[in-house]
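Visitor: Listed in order, the protein sequences are those of chains P and D. First residue of the first sequence: 1, per my numbering; consecutive thereafter. First residue of the second sequence: 1, per my numbering; consecutive thereafter.
Note that these hints are calculated values from the structure, not bench results. There's no promise every hint is true.
Facing chain P, a subset of chain D residues (Cβ under 7 angstroms, in silico) [what the hints assert, rightly or not]:
1) G92
2) E95
3) K180
Simulated restraints, written as ranges between beta carbons of each label pair [what the hints assert, rightly or not]:
4) P:K25 / D:H97: 44 to 50 angstroms
5) P:E90 / D:D144: 30 to 36 angstroms
6) D:T79 / P:R176: 52 to 58 angstroms
7) D:S94 / P:S158: 15 to 21 angstroms
8) P:R161 / D:G31: 38 to 44 angstroms
9) D:L182 / P:R94: 52 to 58 angstroms
Glycine is no exception: its CB is placed at the ideal position from the N, C-alpha and C atoms.
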Amino acid sequence: MTQPDDKTSSSHYNQKPIRRAEFIKPPNILKSKVGSGGLSQNILSKAQDLLENNTVDFRPLGEMYLDQLQEGIDHSAVDLDLPEEKRQGEKLIRQMLYPSMQLKANGGMFHYELVTTIGDKLVQFLEVIERPDIEALEIVQAFHTTIRAVLLGKIQGSGGRYGLELIQALDDACYRYFMKYPDNIDPHKR
Amino acid sequence: MAYNFNSVTVLVVDDNIPMLQITKSLLLTFGVGNVLTAKDGEAAFELFQRYNPDLIITDWMMRPMDGITLAKKIRRDKTATNPYIPIILMTGFSEKHRIFEARDEGITEILVKPFKARDLYKRLFQIIEKPRQFVRSEDFVGPDRRRRESGEYQGPRRRQEDVEKMFPAGRMEMSHATKKDLENARKHLDEVRSKAGIKENEEITITDMDIEVDFVDAKEDSDEI
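Please build the complete structure, drawing on both the sequences and the hints.
Guide: Here's what the structure looks like:
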């Protein structure tokens, strides 16, 4: 048996390490500039008020993301008619995922918390399916229609009982889909 | 004493203009002296090179250059003015694999949208008070991905040898309250054993819950301390 001949090689058997990592401690410029003590509750409350009282109308932005989502759905539907080897499933899922994530991210920033909640469910659905089949696209379309209804109805906040019912219906549709097609889950995201 | 952000420059990058404006306003409310804005990664890199800001807050999904590519360029480009600059990534993604993807490209902190003012402050606080060392290797450049300095187990300790490790003989005296807790625990265990007819070294497996145990109130006992 070959023995390690020096202390350096002992932690890598008798081999020299290939990857070398350098550890650097950069100067903490921010700390030297801001000092210490944190921010007061008063400033944090003012900042939160600014967020809560912003008057930005989210609907044009939301509609833009919905249009992008619709484009993704339409492209995916066309893709389904192509032979298996020519389909670009993952790319199309990404095309739908991007506007869905934007709806989730921005709805709540501009008073449409229900859009965020529904968008989150849609992102979760798209994150796990392996390929967009016809029934998956029907579910994405249902999400699209629901979010559009929320925007058209100017339903701000959580949407109360109505919001809960919408979320429940979409949730049930997703569960039913995965019960029916347990194999259409991306193995890397299981 | 409180933080004074007056001499701090922050670069905010987002292609969503209302979001860009809101983030800028939040930073100004925090007292940040100079907020630069850009609508995509390419424009942001130019501003970064020209003004050398102290912090970057960027959105993920942008065209033509997204936030992750911007971070990668800043960390790896040899001409970058400050490759160690803290970068906060704003994103709607909260799935673990997305967070890991961002972390592996050198992002310092993630801010999941929608967020509250306090969430943004928490990320700033983390960067200011708990900065991480940088790692530069062939396949990674960025803040050390291990947040904890010690890999030691932090959870509750249930075994005798763990308790002995916590209180090595002669090094530290066990507090009276801890001693009381241990005594109570022993009493409970003895009661369970005697009611179930289990010997001291026998392992207890609870499959039948008809054993009644009268727990001693530790708070009442500790009043006398």
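Visitor: Hints first: check each against the structure and report whether it holds.
Guide: Verification of the hints:
1. For the restraint placing G92 (chain D) at the interface with chain P, the shortest Cβ-Cβ distance is roughly 3 angstroms, inside the 7 angstroms limit, so the hint holds.
2. Nearest Cβ of chain P to the Cβ of E95 (chain D): about 6 angstroms, under the 7 angstroms cut. The hint holds.
3. With 7 angstroms as the threshold, the beta carbon of K180 (chain D) stays out of range of chain P, its nearest partner Cβ sitting at about 37 angstroms, so the hint is violated.
4. Taking the beta carbon of each, K25 (chain P) and H97 (chain D) are about 30 angstroms apart, not inside 44 to 50 angstroms as hinted.
5. Checked against the given bound of 30 to 36 angstroms, the beta carbons of E90 (chain P) and D144 (chain D), roughly 32 angstroms apart, stay inside it.
6. The beta-carbon spacing between T79 (chain D) and R176 (chain P), approximately 54 angstroms, falls within the hinted interval of 52 to 58 angstroms.
7. Remark: the range hint 15 to 21 angstroms for S94 (chain D) to S158 (chain P) is upheld by a beta-carbon distance near 19 angstroms.
8. Roughly 42 angstroms separates the CB atoms of R161 (chain P) and G31 (chain D), a value that falls within the hinted 38 to 44 angstroms.
9. Taking 52 to 58 angstroms as the suggested C-beta distance range, the pair L182 (chain D) and R94 (chain P) conforms, at roughly 56 angstroms.
Violated hints, in rising order: 3, 4; the structure is consistent with all others.
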